Every structure is written in C-alpha cells, then in structure tokens.
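Residue numbers (this note's numbering), protein chains in the order written: chain A, 414 to 799; chain B, -11 to 174.
Check before you lean on any hint, since a few could be wrong.
[Said to hold, decoys possible] Subject to a maximum C-alpha distance of 30 angstroms in a straight line, what follows is the list of computed DSSO-like cross-link-like pairs (lysine-lysine):
#1 B:K112 <-> A:K661
#2 B:K155 <-> A:K599
#3 A:K599 <-> A:K546
#4 B:K80 <-> A:K673
#5 A:K573 <-> A:K673
Everything labelled a hint here was simulated from the structure, so no lab data went into it. Fair warning: this is a prediction, and the values are worked out from it, not measured in the lab.
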Amino acid sequence: ADKPTEIDHHLYEFGSVEYHTQASLSEPNNTYLSISTPLLSQGVLLSHGLPRHATEMFEGIPPDVLEIVEPAREGYQLTLRLDLARIPRKKDAVKMITQISSVQAAILSFQLKEILRNISNEDLSLGMYKPLKLVYHPRETFFVVKQPTKFTAVFPMRFKENTDVSIATAFFQELMDVGSSTALAKVPPCHWSPIPPPELRGELIEDLSTNGGFVSFEISSRHVEGKKLDKTVWGLLNFYSLVKYHVKCTRGFIQRRIRKRLQNLVEVIKSKLLNLKAALQKAGIEEDDRIEKVQEGTNQIHSKSILFYPKTLDLFHNCHFLLSEAGYRRMRKLISLSRSKLLKGRRSLTNKIKRIGSRIKIHAFNRFRRRWLTFPRFSSSYTKLD
Amino acid sequence: MIQWSCNGINLLIISQANTLRLYLTCIRNTLEAAMCLQNFPCQEVERHNKPEVELKYVTSPELLLNPVLICRNEAEKCLIETSINSLRISLKVKQADELENILTKKFLRFLSMRAEAFEVLRRKPVQGYDISFLITNYHCEEMQKHKLIDFIVQFMEDIDKEISELKLSVNTRGRLVATEFLKQFI
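Input sequences plus hints: build the corresponding full structure.
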C-alpha cells in the first residue's frame, strides 16, 4: 500500500498451524511474520533449536529482505522480519515468495530430519527399537521405528466410511504391487496389513485401533542421502493427505461415471422402447380423434381416422382391447372397411335408437304434446312495472 | 444340470460351466411367457386398480402365478413373480469382493432413486436382491413387449459390464497414483 497502515492479522491453516502478521507505523518498511506449528513429537527436543535450522531454510534470500528475530515472539516458534519493498519484482520474486511461504513445511521437515538423526545410541545398544510416535495432525499419528539398517514408517489408517475403506484398501494393494515391480526396484518397499505389525507391540490400543489397516515403508540409507532426504521426509509427512485426496477424487470419479451411465440408460428406454402411440401414428391412425367421434356421436367421417360406430353397444367395450398390441391386427382389418359399409352400419344404429326411443305409441299424442306440453315463449324484452 | 423342486417354487440350477448367455436366454424365455398382462381392477376395493403382485397380504391367491427363481450361481439370481396385471423382476448381481460390493450398491441405489426416469424400475428392491423392476399392464400397452424384454436383458448385461469397468478404472487410477508417489523416493 502507498500509505503505511497498521496490520495485525492471525491466520490459521490445516494442521493447527498459526501465522501472525504484524506491521506498525513506527517501522513502515518492516513486516513481522510469526509462525506456530505443533511439534511432531513431544518426546524429542531439537538439539540446536529451531532458528539454527531456519537459516538453512532461507539460503539464497538476502539478509536485508529477511531476517530471523531472536528470540521468537511469545507463543511462536519462529519470527521473521520481512522488508517487502526489497523483494525483487522480476522472476526471482516468485521463487523467493514461494520459499518464504513454505516455511511451515520446512519447519516440520527439519523436525523429522532431526528426529531421524538424533535417535540416541543408548536405545540401539539395548537392542530395543522403541517406536517413536509422531503427530502431524491431531487425528493422524504415525510411527517411526529405527532398525539396524533401515527405518520403518508405519501409518495406521482410519476412515469414516466403508466406501473409503474399500477404495483405500484397493489403493494400498496397488501400492504394494507397484513397489514390488522391477521397474521401481529402488523405491522403499511398501507393505499393508489389516493387523498391527510386530514393531508396534506394546503401543496403546487407541493408537492401534483402525479400520483401514497399517501401511509401512522401509526407508534405507540410500533414500535419505543428499537431496533425497527432503523428498523422502516430505513424502512421509504427506502420505495421509495423499490417501485422503485420492479417495475423494475416486469417489467423485465413480459418481460422474454412474451419472453418465444413467443418462445412457434413460436414452435407451426412451428411444428404443417405441410406444404404441407412435406406432399408431405411423400407421395413419389417430387415437384421440377416434375416441372423440365415438363420444360425440357425430356423423362426420374422417378419412384419416377409424370410425368406430359399433353395430352393437358390446363392440364399444372392445375398443379398449383394440388399443392393446394384441388387437393391433384387428384394428388394421377395420381400417380397410369401405366407406359405404360404415355408413350402412351407422344408419342401422340410428334407426334402432329411434325405435327404442319411441316404443310406446299413443294415438293423437303428438297433437296433445304440441298444444299442452310445450314451454311458453317469453319475449326477450320486458316492460318495467312502475 | 437342471433340478426341479416340489415346494411351489420352480428352481432352475444352472451348472457353473454355462456362460452368462444361457442364463440370460433362460430369463428371456421366462419373461416372454410371463409377460401376458391384462387390466384387472381390484377385487377388494371399489374403483381401485393395483398391481396384484405388490400386495402385501394376498387375499386373492388365484391372481398370482408361481414365482420363478433362476440361479446362475450362489451369488447371481433372478426372481420373476407374475400376477394377472403385473410382473416383478428382482435381480441379485454378482459381487466378488468388497470393492465390487460397494460399487454395485452405489450404482444400483443411484438408479433406484431415479426410478421415475425408467418407468419400469422399482424405487426399492425386494429384500434379498439388488434391484427390482415392476411391469404393469399399462406398460405393456404403452411399450412393445419384446423391446421391454430386450431392455431388461440388456440392462443385466450392462450392469455386469459397468461394475467390471468401474472396478478396473478404480484400480488403474490407484496404480497411477501409487507410481507417481513412489517415484519421488527414487
């Protein structure tokens, strides 16, 4: 900002990490960044303190841009003084900012490296390799077991749902297969078992109760020499995150695939199952017209429609049967009836109805009816009564 | 090898050597024989018309035919229950391991929840089965019978194929992720 302002922000990140950013008007060019991250293991103290290792983290950054404040602010493990105005504006800026922002990851990595280097000789001489419990996240603990020629990192896996357990188990099987293949012979051997490995005997039951089994990696000296140490340590620290992310992505993939399959199946049932209405329309028959004509009882004959004037009332009940597929052939026969035959049928029916309507004939009743049984006619206009 | 039982349910046990094709042909032939449905109003309640096969308490046993159970093996079977105006087909899909079990359950539940899109699908499968169809006389009037049977048989084939492909895809994804993860240790 062009105008110096007071800044005091607390930021929280996954893994109980806290950042505190401070800038005051008295020092407009300096910004203080304090970092608090939970230690991996409470039982092992860092031998030389964090700031010594912190200087190694920021190799390549000029001291006028970044300086480590000793001692760190209260409640924080590391405090850095940054001069943001001196950060170069070109490509180096991105690299420098990335290095500064990954300080938390670097702190954790150094903690694990320190732990791996400083396993006491006393433990080794007794022949007991006590597993070291490391807590990267409150619910994600893992163990590191020192052995004569290697380290074994054991990850107890816990999942919330059975679906996650199945997907993760399939992933662990593939991890074992890939690790034992000849193409990747140099990678740390990986094992998965549903029961705790023998190295963890004696640990608390709550640490050993899982539903996803135990994944273990055997890290030998060739995996931690030189620059490989950083990658190995970072891979181990983020194994839980990798598994969770893989399970989440696989669930999303399954959901997308199922949805796509559903759309295909629905298209099949709509397009391939040709309904009878469409079949009738193909044959030039309009079902709705037919029903209307029967109901209204009109004398018009549509050339495109089938005229169902049944000779008897019983035939009307068969109309519904004719709609079914079994009666489709019978309907086609009826279509072929000639116009004259249809008219004959209609005429005979109307004659029958007339005969039924006037069964009882009284002589001179018509004259009586016309005179006495007609409704009086009222004129449309009326005179207003005063 | 075919055996007939005498407890009212015709049980066809197909030997393990026969393929899926024989199983599906048997189902197709049974459906062609069973799918002779007609409209039949409810005899108990006036002006009601219900699929007789769905009635929980059978008051008119004369309207129901003997159910047919066709088993391919212990894990795969098909139950066809017929009545005068409706037909219910229940399928049990093979599930070799836990992952297939999960995938089948998810897939068929997804379809069942959207049963209205299929018209002939039942929202809840019959107990002991993974998915159920309910075909009534109205469906037979609106749709062509042989195409309806083709759809059901094709559906069974597609389900098996889809579950297998899903499992393969999940394993392939896992393998790729595992390879990339382990490469960083080299």
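Status of the hints after comparison with the structure:
no.	hint	verdict
1	B:K112 <-> A:K661	holds, 28 angstroms
2	B:K155 <-> A:K599	holds, 29 angstroms
3	A:K599 <-> A:K546	holds, 26 angstroms
4	B:K80 <-> A:K673	holds, 23 angstroms
5	A:K573 <-> A:K673	holds, 27 angstroms
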